[in-house]
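Given chain R's structure and the hints, the job is docking chain A with the ligands onto it.
Residues per chain, in single letters:
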Amino acid sequence: MVGTGTLTPLAALLAAAWSARNGEPKIIVEPSVGSSGGIRAAIDGAVDLGLVARPLKESETKLGLVLLPIARDAVVIAAHPSVGVDAVSSEMLVALFSGARTTFDDGSPATVFLRDREDTAHSSIERFVPGLRAAREAAYDARRFRVLLHDDAMGESLSITPGAVGVYSLGALVAGHLPLKVFALDGVRPSLQNIENGTWKATRDLGFVARTDRLARVRGFLTFVASPEGAAIARDNSYLPIAAAAP
Amino acid sequence: MTPLRLTSWFRRRMLVLVVISAALAWLTITVGYHVQERREMVTLCRADATRVAAILAETIQQRPRLWRYDAPKFADRLGGEWLRAPAVLVVHDERGARVEVGPLGKSVPSSVLWGRAEVRIGPVVHARVWVGADARPLWNRTLVVALLAALAEGLLAFLLYLLPVRAIRTAEQRIAGLMTQLSLNLREEERSRIARDLHDGAGQALTAARLNLMALQRAPAGADLQQRIEPVVALVDEALDEVRRSTAALMPPAIADLGLHGAIERHCEAFASASGLEIAFEVQAPLPEPDSHVQTTCYRIIQEALTNIARHASAQHARVHLAARERTLLLTVTDDGAGIDGDVSASAGTGLRSIQTRAALLGGSARIFRAEKGTCLEVELPCDAQG
Ligand SMILES: Nc1ncnc2c1ncn2[C@@H]1O[C@H](COP(=O)(O)OP(=O)(O)OP(=O)(O)O)[C@@H](O)[C@H]1O
Ligand SMILES: [Mg+2]
Chain R
1 MVGTGTLTPL AALLAAAWSA RNGEPKIIVE PSVGSSGGIR AAIDGAVDLG LVARPLKESE
61 TKLGLVLLPI ARDAVVIAAH PSVGVDAVSS EMLVALFSGA RTTFDDGSPA TVFLRDREDT
121 AHSSIERFVP GLRAAREAAY DARRFRVLLH DDAMGESLSI TPGAVGVYSL GALVAGHLPL
181 KVFALDGVRP SLQNIENGTW KATRDLGFVA RTDRLARVRG FLTFVASPEG AAIARDNSYL
241 PIAAAAP
Chain A
248 MTPLRLTSWF RRRMLVLVVI SAALAWLTIT VGYHVQERRE MVTLCRADAT RVAAILAETI
308 QQRPRLWRYD APKFADRLGG EWLRAPAVLV VHDERGARVE VGPLGKSVPS SVLWGRAEVR
368 IGPVVHARVW VGADARPLWN RTLVVALLAA LAEGLLAFLL YLLPVRAIRT AEQRIAGLMT
428 QLSLNLREEE RSRIARDLHD GAGQALTAAR LNLMALQRAP AGADLQQRIE PVVALVDEAL
488 DEVRRSTAAL MPPAIADLGL HGAIERHCEA FASASGLEIA FEVQAPLPEP DSHVQTTCYR
548 IIQEALTNIA RHASAQHARV HLAARERTLL LTVTDDGAGI DGDVSASAGT GLRSIQTRAA
608 LLGGSARIFR AEKGTCLEVE LPCDAQG
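From first to last, the protein sequence lines stand for chains R and A.
For what it's worth, the numbering used here labels the leading residue of the first sequence as 1, then goes sequentially.
For what it's worth, the numbering used here labels the leading residue of the second sequence as 248, then goes sequentially.
Okay, chain A solo, but in the shape it has when bound:
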C-alpha cells in the first residue's frame, strides 16, 4: 500500500496560502498606516499654510510694497506662535520668486510633506505659501510599524501553518493505520470465504461422494455398478470445479505478463467456458495506464462480479465494460439475470463488501443496483490512487 502523502500535499498548498496572506496583511497594515499618517500630516500642513496665508495677507495689506522685507520677522513670529516644529516655510511672491523668510526657510530636510495655500487679497493672488513637515519621523515610525507587523504576521502565519499541518499529520497517521487494518481484514475475510467455499462446495460434494462410495462398498457387486458410479463421478467433478474456482481466485492475476486488458480477456474466456455464461468484454480505447495495484483491484472486482453473476443471477449474458474519464477508470459489469433484490448494502455479503472496500481503499467508489433487466455494477477507480 502506497502512503497517502496527505500531509506533504497540504503542506505545499498551505505554505503558499499562508505566506501570501501574511504578506498581504503585512503590506496592508504597513501601507495603510503610512498613507493614513501621511494624509493626516498633509492635512495639518495645509491647515498651517492656510493660517500662515491669512497672517501674511494682513502683513501684505499693511506693507503692500515692501512686505517681503518684513517676511523674516513674520516667519519668526509664526515659528514662535503657530507652526509645529520642525517645520519648513517657503513663500513665493506673485511672480513666483522665492521670498527670504529666515531660518524657517533654510533647513529643508531630505524628505518633506507639503501643504499649500494662496495669499489672496480680494481676487488677487499676492503670494503662495508652502508649509512643510519633516517626513523622516514618519518614515521611521512606518519602519517600526512594518517591523512589528512583520513580527506579528510571522507569528500568526507560523501558527496558521503549523496547527493544521500537525492536525493533518495526525489524521494521516490514523488513516494509514486504519487502511492497513482494513486491508488486513479484507485478506482475512477472503481467506475465510475461500475456506467456506471449499467447505460448502468441494467439502459437501466430496462428503456426498464418500457416502456414495461407502454404499457401493457395502452393496453386492451387480450389474447396476455403472449406474451407481455415475453420480459419484458427478459429485467429484463438482468438487473439482469448486477447487478450480477457489484456486483461480487465489492465483495472482497474470497482469504483469498480459497487461490488464489481456488478463481480463483471458479470465472472461476461462470463466465463460467454466460457467456456460456468455461474456462480452469491451474496452473503450484509449485507456490510461493505471498503477499496478489499481489494475489488480480492477481485475479482482471483475472476478467477484462474474462469480456473483454465475452464482446468483441465473443470467445468460454478462457484459464487462471498461472506459476512462480523464484519469479515472470506469468499470461496468452488467447481466441479464434476475436482478439483485432489495436494499443491497444490507444484504451485502463478503463479496460485495470486498468490492466496496477495494474501491474505497483506492479513493474510488462502487455501487450495485437493479437495472432494467438484470443487475448493474458500476465502479470508479482513480488511476493515480493513493491507497
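So that you can see chain R by itself, here it is in the shape it has in the complex:
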C-alpha cells in the first residue's frame, strides 16, 4: 500500500493488526507519496492498494480503479505544543495566513506552514472559513511561508518548530502520537464525537483505491478493515470508520 500521508498511519495500524492475526498475505505500507502518487502506483500495479484523501477524477476511474471509502478524518489546525493559546477564530486564521498578523493572541510569534497547492486538507477547511483560500493563494505567490509536500513532513515540522501552526489531520496526529496542540475553531473543538454529530464540518473521506483485477488479492484484508475489529482501530485513532463490506 502507498498513498496519502493522512491515511498512512491508520493503514499501517490496520496492516499490523491483520498481519498479527492472519500472517499471510503480508501487507506493507510504504512512506507516503500523496493521493495522486498512490493512485498512479495502483494503476501501474506497483501496489495493490492506493491510499487517497480525495475522490477519483474521471480520468482515473476510466482506468479501471475503484474507490473504497474507509474513514472520515477531521482536518484540524494544529500547532507546536509550546503555543500558549488553544483556539482561533476564522478571522484570526485568515489574518495569520494572509500575513496581516504574525503573533498569536498571547503575543507569541506564529510561524505558518503550508501544504502544496493541490492538497485537499486546505480546501476542506476553506469551505467554512471565508477568505482563507485567497489568503493562502496569495501566500504561495508571495512565497511567504514554507510549503511542505507530505503529511508526515507537516507533522514533523509542526512538532519541532516553536510557534508553528498549520493544517493537519486529526487521525494522523493521534495515530502518529504527535505531541501537537489542536486548536478549536470558532469555539468548536475537533473530535471523533464532533465529526459524528456534524459540528466539526472540515472533514475528508479517506479510502483505498484498487484495480478491479487486483481486488481478489486483498479481499481478505478489506473484509478485516470493514469488520468491527477494523472499525475499532479507526475509532481508537480518531478516524470515523465508514468502510463498507468489500465488493
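Each hint should be verified, as a subset may be incorrect.
To be verified - Listed next, the in silico DSS-like pairs over lysine-lysine satisfying Cα-Cα at most 30 Å (straight line): (1) R:LYS201 with R:LYS57; (2) R:LYS57 with A:LYS620; (3) A:LYS353 with R:LYS62; (4) R:LYS201 with R:LYS181.
Claimed, not checked - Going by beta-carbon spacing under 7 Å, a handful of chain R positions derived as facing chain A: (5) VAL2; (6) PRO31; (7) VAL33; (8) GLY34; (9) GLY37; (10) LEU56; (11) ASP152; (12) ALA153.
Said to hold, decoys possible - Every beta carbon over 10 Å from chain R, so not counted as near; a handful from chain A, in silico: (13) GLN309; (14) VAL355; (15) TRP386; (16) LEU407; (17) LEU482; (18) ALA503; (19) GLY506; (20) ALA562.
Worth flagging that the hints you see were computed from the coordinates, not collected in a lab.
For glycine and all other residues, C-beta sits at the position ideal for the given N, C-alpha and C.
Okay, now just chain A with the ligands, sitting in the frame of chain R:
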C-alpha cells in the same frame, strides 16, 4: 597621357578587403556571443541538474521502492524553490524509463539546452536527471546581437572604405594634374633646347659664315678665292648638320610604320653615318608589345643617349641593348668613351633630366653611371605603364 586608374584599382581591392573583414568581424561577434551564452546556460543547467539529483537522491533514500510516484510533488517543489523558470525536467529511472514529473516535464519547447546529472547513492546510479532551459530566448538575443553587429560593422566598413577611397581619389587628381604639368614642362624644355641648339650650333656657324662672306665681299678678287671660300662651306655644312639633327629630334619617330625595332635600327644607322660613331643595336628576343607611348619614350631616350655620346663621350663605339623582364622593357646604352664624371644628378642638363622625367612618367626608372670603360645608361620601362 592615359589616366592613372589608381582609384578604381584601389576601390576593387579595398571593397573585397573591407567586405571580408566586416563579415569576419560580424561572424566572430555573433557566433562568439552565441557560443559563450550557450555555454553559460548549459553550465547553469548542469548545476541545476546536479542539485536536483542531490534532492532526488534524498527522496529515493526515503522511498526506495516507490519514489517515482512521489516525483511530481518533488518536481513541484523544485519548480517552486530551485529551478529558474522556464525550465524542463526529465528524469529517467535506473532502467532508462521516463519518470512522470508533472507539469515541469510536459511542455518541452522546440529548442532546449540540457544539463545532465546522475543520481547516485553510493556507487549505484538510481536515476538520471536532465534539466533543460528554453533556448529560444537565446536565439532571439543572438538575432538582436547579429543585427546590431551587422549595423555597426556595416557602418564601420562604409567608413573604412569611403575615407581611404576619397583620399586616394583626391591624390589621384593631384597626381594627374602634376603629371600634365610635368609633360608640359618637358615639352617646353625640349623646345628651348632645340632653340638653344639652333642658336648655339647652326646660329654660330651661320654667323661665322656670314662674317667670312662679308670679308670676302670687301676683299679684292684674287687667286686665293678658292682657299677663302673653303671654310665658309665647312661652316655652312656644320650649320646644316645642326639643322638636320634638330629636325630629326623634332620629327615624330617612324614607329607606326617600322615598329619599335625597325625605327631604332634606322635611327642608329642614320646617327652612325652622321656622327661617325660605330653603333651596335641588339635585341634580346622575344620582346613584349609595349603601349605606343612606351615605345615613343624608349625611342626618344635612345635618341638623347646617342646624342650625348656623340657630344660628350669622345667614344668610338656605342651599344644599344633592348631586353625584357616579364612586362618591363630593359634598355641599356653604353659607350667606350671618357665616362661621365662626378655626381650625375647635380650635373644633369636638360637631356638627362628629360630621360629621367620620361621614365618616371611611365612609372619606370633611369640611371646613368660611369662604367668600367665609358658610360652606362640603364632604363626600365613598364610595358603597361599608366602614365
Ligand atoms: N655618354 C656620356 N659620356 C660622358 N659624359 C656624358 C655622357 N652623357 C652625358 N654626359 C655628361 O652629362 C652632362 C649632362 O648631359 P645632358 O644631356 O643632361 O646635358 P647636355 O647634353 O650637356 O645638354 P642638353 O641639355 O642639350 O642635352 C653633360 O654635359 C656631360 O658632361
Ligand atoms: Mg644632352
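Results of checking the hints against the structure:
no., hint, result
1, R:LYS201 with R:LYS57, "holds, 23 Å"
2, R:LYS57 with A:LYS620, "violated, 119 Å"
3, A:LYS353 with R:LYS62, "holds, 22 Å"
4, R:LYS201 with R:LYS181, "holds, 19 Å"
5, VAL2, "holds, 5 Å"
6, PRO31, "holds, 5 Å"
7, VAL33, "holds, 4 Å"
8, GLY34, "holds, 6 Å"
9, GLY37, "holds, 4 Å"
10, LEU56, "violated, 16 Å"
11, ASP152, "violated, 10 Å"
12, ALA153, "violated, 10 Å"
13, GLN309, "violated, 6 Å"
14, VAL355, "holds, 21 Å"
15, TRP386, "holds, 30 Å"
16, LEU407, "holds, 54 Å"
17, LEU482, "holds, 124 Å"
18, ALA503, "holds, 98 Å"
19, GLY506, "holds, 99 Å"
20, ALA562, "holds, 109 Å"
Of the numbered hints listed earlier, those contradicted by the structure are 2, 10, 11, 12, 13.
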